[in-house]
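There are 2 protein chains.
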Amino acid sequence: MNVAHLLLVVHSGADAAPHLVEADAEHPQLAVMDVAATRGDGIFETLSVVRGHPQALEAHLTRFERSAGMLDLPLPDLGLWRDAIVAVAERLADHDEAWIKTVLSRGVEGQPLPTGWVYGAVSPDFRRERTEGLRVVVLDRGYRSDVAQSSPWLLAGAKTLSYAINRAAVREAQRRGADDVVFMSTDGLLLEGPTSTLIVKRAGRVSTPPAEFGILPGTTQADLFSAAAEWGFEAVVEPLTADELRAADAAWLVSSVRHAAPVRAIDGVAVPVDFALTATMNGFLNARRS
Amino acid sequence: MNVAHLLLVVHSGADAAPHLVEADAEHPQLAVMDVAATRGDGIFETLSVVRGHPQALEAHLTRFERSAGMLDLPLPDLGLWRDAIVAVAERLADHDEAWIKTVLSRGVEGQPLPTGWVYGAVSPDFRRERTEGLRVVVLDRGYRSDVAQSSPWLLAGAKTLSYAINRAAVREAQRRGADDVVFMSTDGLLLEGPTSTLIVKRAGRVSTPPAEFGILPGTTQADLFSAAAEWGFEAVVEPLTADELRAADAAWLVSSVRHAAPVRAIDGVAVPVDFALTATMNGFLNARRS
Numbered sequence: 002m003n004v005a006h007l008l009l010v011v012h013s014g015a016d017a018a019p020h021l022v023e024a025d026a027e028h029p030q031l032a033v034m035d036v037a038a039t040r041g042d043g044i045f046e047t048l049s050v051v052r053g054h055p056q057a058l059e060a061h062l063t064r065f066e067r068s069a070g071m072l073d074l075p076l077p078d079l080g081l082w083r084d085a086i087v088a089v090a091e092r093l094a095d096h097d098e099a100w101i102k103t104v105l106s107r108g109v110e111g112q113p114l115p116t117g118w119v120y121g122a123v124s125p126d127f128r129r130e131r132t133e134g135l136r137v138v139v140l141d142r143g144y145r146s147d148v149a150q151s152s153p154w155l156l157a158g159a160k161t162l163s164y165a166i167n168r169a170a171v172r173e174a175q176r177r178g179a180d181d182v183v184f185m186s187t188d189g190l191l192l193e194g195p196t197s198t199l200i201v202k203r204a205g206r207v208s209t210p211p212a213e214f215g216i217l218p219g220t221t222q223a224d225l226f227s228a229a230a231e232w233g234f235e236a237v238v239e240p241l242t243a244d245e246l247r248a249a250d251a252a253w254l255v256s257s258v259r260h261a262a263p264v265r266a267i268d269g270v271a272v273p274v275d276f277a278l279t280a281t282m283n284g285f286l287n288a289r290r291s
Numbered sequence: 002m003n004v005a006h007l008l009l010v011v012h013s014g015a016d017a018a019p020h021l022v023e024a025d026a027e028h029p030q031l032a033v034m035d036v037a038a039t040r041g042d043g044i045f046e047t048l049s050v051v052r053g054h055p056q057a058l059e060a061h062l063t064r065f066e067r068s069a070g071m072l073d074l075p076l077p078d079l080g081l082w083r084d085a086i087v088a089v090a091e092r093l094a095d096h097d098e099a100w101i102k103t104v105l106s107r108g109v110e111g112q113p114l115p116t117g118w119v120y121g122a123v124s125p126d127f128r129r130e131r132t133e134g135l136r137v138v139v140l141d142r143g144y145r146s147d148v149a150q151s152s153p154w155l156l157a158g159a160k161t162l163s164y165a166i167n168r169a170a171v172r173e174a175q176r177r178g179a180d181d182v183v184f185m186s187t188d189g190l191l192l193e194g195p196t197s198t199l200i201v202k203r204a205g206r207v208s209t210p211p212a213e214f215g216i217l218p219g220t221t222q223a224d225l226f227s228a229a230a231e232w233g234f235e236a237v238v239e240p241l242t243a244d245e246l247r248a249a250d251a252a253w254l255v256s257s258v259r260h261a262a263p264v265r266a267i268d269g270v271a272v273p274v275d276f277a278l279t280a281t282m283n284g285f286l287n288a289r290r291s
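Chains as they are written, first to last, in the numbering used here: chain Z, 2 to 291; chain E, 2 to 291.
If we strip away everything but chain Z, and leave its shape as in the complex, we get:
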């Protein structure tokens, strides 16, 4: 049985501090006119929880606040959200791996109060993705790599609830016999996966594309890069092309809950997988307790 836990972050007035309310995740909790549902007008984070410990908690809170700013949402009270995440995580302490989603929307249309919630449940089993790896396709994201600077209203790099394109891209990958996607800018630079960060290994160097390209700063990638030197790698944020990905020693899509999934094929062509380093990375990620 996959038990779910839910705390609502209730905003009861413009001047009143929000507070947490216990709720039943199996029952409806959202109005049909909440702009989370009608406009995808809000933000989220997804964290992994290992034996009750939320991982990369501060990095997720920081990014949640950053996304709120990009969407002109009221900045979240991070202390309250931290409390909510920790409380939901504690209820999942019996499980090796669980996940938590935090959501903040602009609220019900025509009303001035945001809607917030923290949801937690047991994670799916990602052993296959973490060991056998992923077949990816490279898909055009339609934007230039400078879109975040030139057109901030396109919200590139904000973690919004408007993820229909991310899901459509994965369906396109599946139609092509693959599992996941690496997005590319119209000027030929690799970006990120629909729900993950790209890491490429070439000789003694691991690389990831710059957040300035309008992509999410990866919390999992950041933790891995902090350990890279220990594993004998230089960690570099730099532009990457599809040719560089295809010629790499190894590559991964890394994310909070699935952790490090090695890339085993690109556009139908098998590429080398570094099984040993993948296991090291996932061991390190799983061992984090904050």
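FYI, nobody ran anything at the bench for these hints, they're computed from the structure.
Remember, predicted model here, so these are calculated numbers, not experimental data.
Please note: incorrect hints may appear among the correct ones.
Once the Cα atoms are required to be at most 20 Å apart in a straight line, the calculated SDA-like pairs of lysine to any residue come out as [to be verified]:
(1) Lys202/E with Ala266/E
(2) Lys202/E with Pro153/E
(3) Lys102/Z with Val109/E
(4) Lys102/Z with Gln112/E
(5) Lys102/Z with His54/Z
(6) Lys202/Z with Glu239/Z
(7) Lys202/E with Ile267/E
(8) Lys102/Z with Gly111/E
(9) Lys102/Z with Glu133/Z
(10) Lys102/Z with Ala266/E
(11) Lys202/Z with Ala280/Z
(12) Lys102/Z with Lys202/Z
Residues of chain E clear of chain Z, computed beta-carbon distances all greater than 12 Å [to be verified]:
(13) Ala17
(14) Ala32
(15) Arg129
(16) Ala277
Don't be surprised by glycine CBs; every beta carbon is placed ideally from N, CA and C.
Dock chain E against chain Z, hints included.
Below, chain E without anything else, positioned relative to chain Z:
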């Protein structure tokens, strides 16, 4: 008092036909894990209702089905959705102008059944927008005009719930002292408003950009174009540039509920408004009973 009406389109099993269930719009009806709310993964239509008559009903149903196809959603049972729209519209027959929103999402994450609903309420007062007009800014949409052909996974031209960008663009317009937006492609062709279709008048000709540019086929624009000959205009679907917009005799952003709103300034520069033709257009739009 703004009374709201709600019918849920309940999908109770893969083989069972969906059915309508009366619900209270003032109470929560959606699960927090519905992908409408967590991923913007669904579609919608917004119709106007005049004295209980839904306007452009068949055009909206056709576009709803088209969007479902573009998102690989189960195709909606249009007969049932038509029934639901008509039923909600009838409850709003005491009002000169009301509006209805239909929503179909992929449902609760991990469950195979879509979520649907039809919501109706009394319209806001749009007299000022319809008579005085709108100040617009031209904003880059970040996509090339051929994006719908080259990258269908970007869902350009589908009416999805992922509208965060549309709302961020309007906030950007407000920051610039304007009311609304005309999006432009990266190759310099005008597209549409965030929730409207662009119509430009030059001499004896009214024009609107082609849906092939990855924009929504406008139901209101289609009805206006069907009447254009009667008013002495040739109606043409053709590419338009920002220079052509600025040099036009008149321009409008047209949409289902706000109807025809004339453009009175572009990027801070006043442009001519055709008040007489605007009144004719809105009179025609308001008189529609189907």
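Outcome of the hint check:
1. Distance check on the hinted pair: Lys202/E and Ala266/E sit about 15 Å apart at the alpha-carbon level, within 20 Å; holds.
2. The suggested pairing of Lys202/E with Pro153/E is violated, with an alpha-carbon distance near 31 Å, which exceeds 20 Å.
3. Of the supplied pair hints, the one linking Lys102/Z and Val109/E holds, its CA atoms being roughly 14 Å apart against a limit of 20 Å.
4. Distance restraint check for Lys102/Z and Gln112/E: the Cα-Cα separation of roughly 18 Å lies within the 20 Å cut-off, and the hinted pair is therefore satisfied.
5. Of the pairs offered as hints, the one joining Lys102/Z and His54/Z holds, with about 14 Å between alpha carbons and a cut-off of 20 Å not exceeded.
6. At most 20 Å may separate the alpha-carbon atoms for a hinted pair to count; Lys202/Z and Glu239/Z meet this at roughly 12 Å.
7. Distance restraint check for Lys202/E and Ile267/E: the Cα-Cα separation of roughly 15 Å lies within the 20 Å cut-off, and the hinted pair is therefore satisfied.
8. The hinted pair formed by Lys102/Z and Gly111/E meets the criterion: a straight-line CA distance of about 15 Å does not exceed 20 Å.
9. Straight-line distance between C-alpha atoms of Lys102/Z and Glu133/Z comes to about 26 Å, which puts the hinted pair past the 20 Å bound.
10. Simply put, Lys102/Z and Ala266/E have alpha-carbon atoms about 43 Å apart, too far for the 20 Å limit, and the pair is violated.
11. Simply put, Lys202/Z and Ala280/Z have alpha-carbon atoms about 15 Å apart, close enough for the 20 Å limit, and the pair holds.
12. A threshold of 20 Å between alpha carbons decides the hint, and for Lys102/Z with Lys202/Z the separation of about 30 Å lies outside it, so the pair is violated.
13. Every Cβ of chain Z is farther than 12 Å from the Cβ of Ala17/E; the closest lies at roughly 20 Å, confirming the non-interface assignment.
14. Interface exclusion of Ala32/E from chain Z breaks down, the closest Cβ pair being 6 Å apart, not more than 12 Å.
15. No beta-carbon of chain Z is positioned within 12 Å of the beta-carbon of Arg129/E; the least distance is around 17 Å.
16. Every beta carbon of chain Z lies more than 12 Å from that of Ala277/E, the smallest distance being close to 33 Å; the non-interface claim holds.
Hint check: violations occur at hints 2, 9, 10, 12 and 14; the rest are consistent with the structure.
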